[in-house]
Amino acid sequence: MKRLGVLLIFFIFSPFLSACELNQARSYFLSSSSQSFIIETYSKKAVRSADPVFLAEYGYILSCLGLSELGLYHLDRALITGYDKKQVKYYFSEVLKMYGIDNAAG
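This note's numbering numbers the first residue of the sequence shown as 725 and each following residue consecutively.
Read the hints as simulated data drawn from the structure, not as lab findings.
Hints may be right or wrong, so weigh each one.
[Claimed, not checked] Capping the alpha-carbon separation at 30 Å, the derived lysine-lysine pairs in DSBU-like fashion look like this:
1) Lys809 - Lys821
2) Lys769 - Lys821
3) Lys810 - Lys769
4) Lys813 - Lys769
5) Lys768 - Lys821
6) Lys821 - Lys810
7) Lys809 - Lys768
8) Lys768 - Lys813
9) Lys768 - Lys810
10) Lys809 - Lys769
Turn these sequences into a full structure, and let the hints steer you where they fit.
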């Protein structure tokens, strides 16, 4: 019974912990340090996430870090589930601009 309490506490507070980790990963990305930490933090959340905005952000970050195929995969997942969201379109257009496809990004 003791373990059930610990698991319950973990599941109650895990969204807050992952949000803190995600904010830390975002700040690392903006300061251009520790790419492995950024990828590890985002990939843990991406496995269990269906949020199209998060998947688009993850795809954008992967593309910025040079993992273009994986980035496009996650952007595709985001476009399938959230094609009408402005944030998803924004991240997709930014990736297209990085690849030099300015006509499609507009």
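Verification of the supplied hints:
1. For the hint pairing Lys809 with Lys821, the CA-to-CA distance comes to about 19 Å; that is within 30 Å, so the pair holds.
2. A C-alpha spacing of about 26 Å is found between Lys769 and Lys821, which places the hinted pair at or below 30 Å, so the restraint holds.
3. The straight-line distance between the Cα atoms of Lys810 and Lys769 is roughly 21 Å, inside the 30 Å bound, and the hint therefore holds.
4. Of the supplied pair hints, the one linking Lys813 and Lys769 holds, its CA atoms being roughly 21 Å apart against a limit of 30 Å.
5. Restraint check: the Cα-Cα separation between Lys768 and Lys821 comes to about 27 Å, which is no more than 30 Å; the hinted pair holds.
6. Distance restraint check for Lys821 and Lys810: the Cα-Cα separation of roughly 16 Å lies within the 30 Å cut-off, and the hinted pair is therefore satisfied.
7. Between the alpha carbons of Lys809 and Lys768 the distance comes to roughly 23 Å, so the proposed pair stays at or under 30 Å and holds.
8. Taking the CA atoms of Lys768 and Lys813, the gap is about 23 Å. The hint holds against a cut of 30 Å.
9. Annotation: proposed proximity of Lys768 to Lys810 holds, straight-line Cα distance about 24 Å (limit 30 Å).
10. Restraint check for Lys809 and Lys769: satisfied, since their Cα atoms lie roughly 20 Å apart, inside the 30 Å limit.
The structure is consistent with each of the numbered hints, conforming to all of them.
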